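Build the complex from these two chains, which are given one at a time in their own frames, with help from the hints.
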Amino acid sequence: GQNIDQPTEMTATEGAIVQINCTYQTSGFNGLFWYQQHAGEAPTFLSYNVLDGLEEKGRFSSFLSRSKGYSYLLLKELQMKDSASYLCAVRDGDYKLSFGAGTTVTVRA
Amino acid sequence: TAGITQAPTSQILAAGRSMTLRCTQDMRHNAMYWYRQDLGLGLRLIHYSNTAGTTGKGEVPDGYSVSRANTDDFPLTLASAVPSQTSVYFCASSDARDVDEQFFGPGTRLTVL
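Quick mapping for you: the protein sequence lines, in order, are chains A and B.
This note's numbering puts the first residue of the first sequence at 1, with every later residue one more than the last.
This note's numbering puts the first residue of the second sequence at 1, with every later residue one more than the last.
Worth double-checking, as some hints may not be accurate.
[Unchecked claim] Below, simulated EDC-like cross-link-like pairs (lysine to aspartate or glutamate); rule was C-alpha separation at most 16 Å, straight line:
id: 1; chain 1: A; residue 1: 68; chain 2: A; residue 2: 5
id: 2; chain 1: A; residue 1: 57; chain 2: A; residue 2: 77
id: 3; chain 1: A; residue 1: 96; chain 2: B; residue 2: 95
id: 4; chain 1: A; residue 1: 81; chain 2: A; residue 2: 41
id: 5; chain 1: A; residue 1: 76; chain 2: A; residue 2: 56
id: 6; chain 1: A; residue 1: 57; chain 2: A; residue 2: 82
id: 7; chain 1: B; residue 1: 57; chain 2: A; residue 2: 92
id: 8; chain 1: A; residue 1: 68; chain 2: A; residue 2: 52
id: 9; chain 1: A; residue 1: 96; chain 2: B; residue 2: 98
id: 10; chain 1: A; residue 1: 76; chain 2: A; residue 2: 5
id: 11; chain 1: A; residue 1: 81; chain 2: A; residue 2: 14
id: 12; chain 1: A; residue 1: 96; chain 2: B; residue 2: 101
id: 13; chain 1: B; residue 1: 57; chain 2: A; residue 2: 77
id: 14; chain 1: A; residue 1: 96; chain 2: B; residue 2: 59
id: 15; chain 1: A; residue 1: 76; chain 2: A; residue 2: 55
id: 16; chain 1: A; residue 1: 96; chain 2: B; residue 2: 100
Worth flagging that the hints you see were computed from the coordinates, not collected in a lab.
Predicted, not measured: the structure shown is a model, and the values here were computed from it.
Excised from the complex, chain B in its bound form (with noise of 0.2 Å):
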């Protein structure tokens, strides 16, 4: 079971260009998440989807941009990148049942010059 895959691994990006980070799950659940994580910040949270169909922004959503068309994919778009989205992103889904504890894709590191 491959769990949740993220593409690209790494990515150095110039200032004012686009990107998406695509982030996919096999496991079926209905929950899907976008964090940051950036030194002595923790994990910080930028937009979710709690069901297909559906987006929210979390806690630093701002610059960033997601889709949720089906069950499996949700992809984040910098729709143009700044030096201060240099960081460490990773996807994580739920099943919203139970614990509804989140499982973590391994993360894309990008850095915007």
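One chain only, chain A, in its complex shape (with noise of 0.2 Å):
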């Protein structure tokens, strides 16, 4: 199976970065996905890394390394509209998505 690794809850300020990380094992590796999902909805895609480095969408930012089995999310300019979960999610050898429980993000005026 997978294991997958991200903190449960994180809180920040208006216009201020969090940085969520997100640890992984996988039995084979075809990329990692990012995910936000506010209550009651939907998770939405938001990022996909397949090869090391930095990925960088407005706002939004993902990292990834595979040989340290890591990647963030990097939140800029926080707006209040980004409290929600994050999820982190890993697709392995077999095409398959596996998801960490989420971060609950909280922005805070």
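Given below as structure tokens:
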């Protein structure tokens, strides 16, 4: 099976930066995904990394190190609407996604 | 574009009863998935289908069955519900090309009493 770890909760102030770490151990690796999930809603796709390095998408960036089994999602210029759960998911050798339990980010004014 | 729809939105079910959760997508995606989401455990894969006519077991398949008669529909059936199947169920689909990110339906909240 897969082992994906991420912090349970994080709190930050509006306008600040927050970094959500994700470590994983999988049998085979075919990419790492980050999803955003607002309370009571469906997860929505944020970012994808398959090669080492940083992928930037506006205020959101995601980093991957395959040798370390490590990724992070960086949220810059935090807004109140960024309060949500952020899910780290790894696609394994069978092309199936395994999800971490999610990190709940609370943005305070 | 509707994307993925699920029905019902929520349901309360007596233990021992059967129930089918419906999922329909209009994106012509080949692959479809069923997950359950429980507090503290994250999303866990129940069953999947890589293409119409084929299905496979995920991480937690016991007590559930699926069928994939066509591209658009992927129903999930609980033959005899138990309280441990109380959860939020999400259906998802992907086109199995490029990034192949999964698109999720709005979910069905199921309570088994």
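Quiz item: Which earlier hints can't be squared with this structure?
Solution: As far as the earlier hints go, 10 and 13 are violated by this structure, in ascending order.
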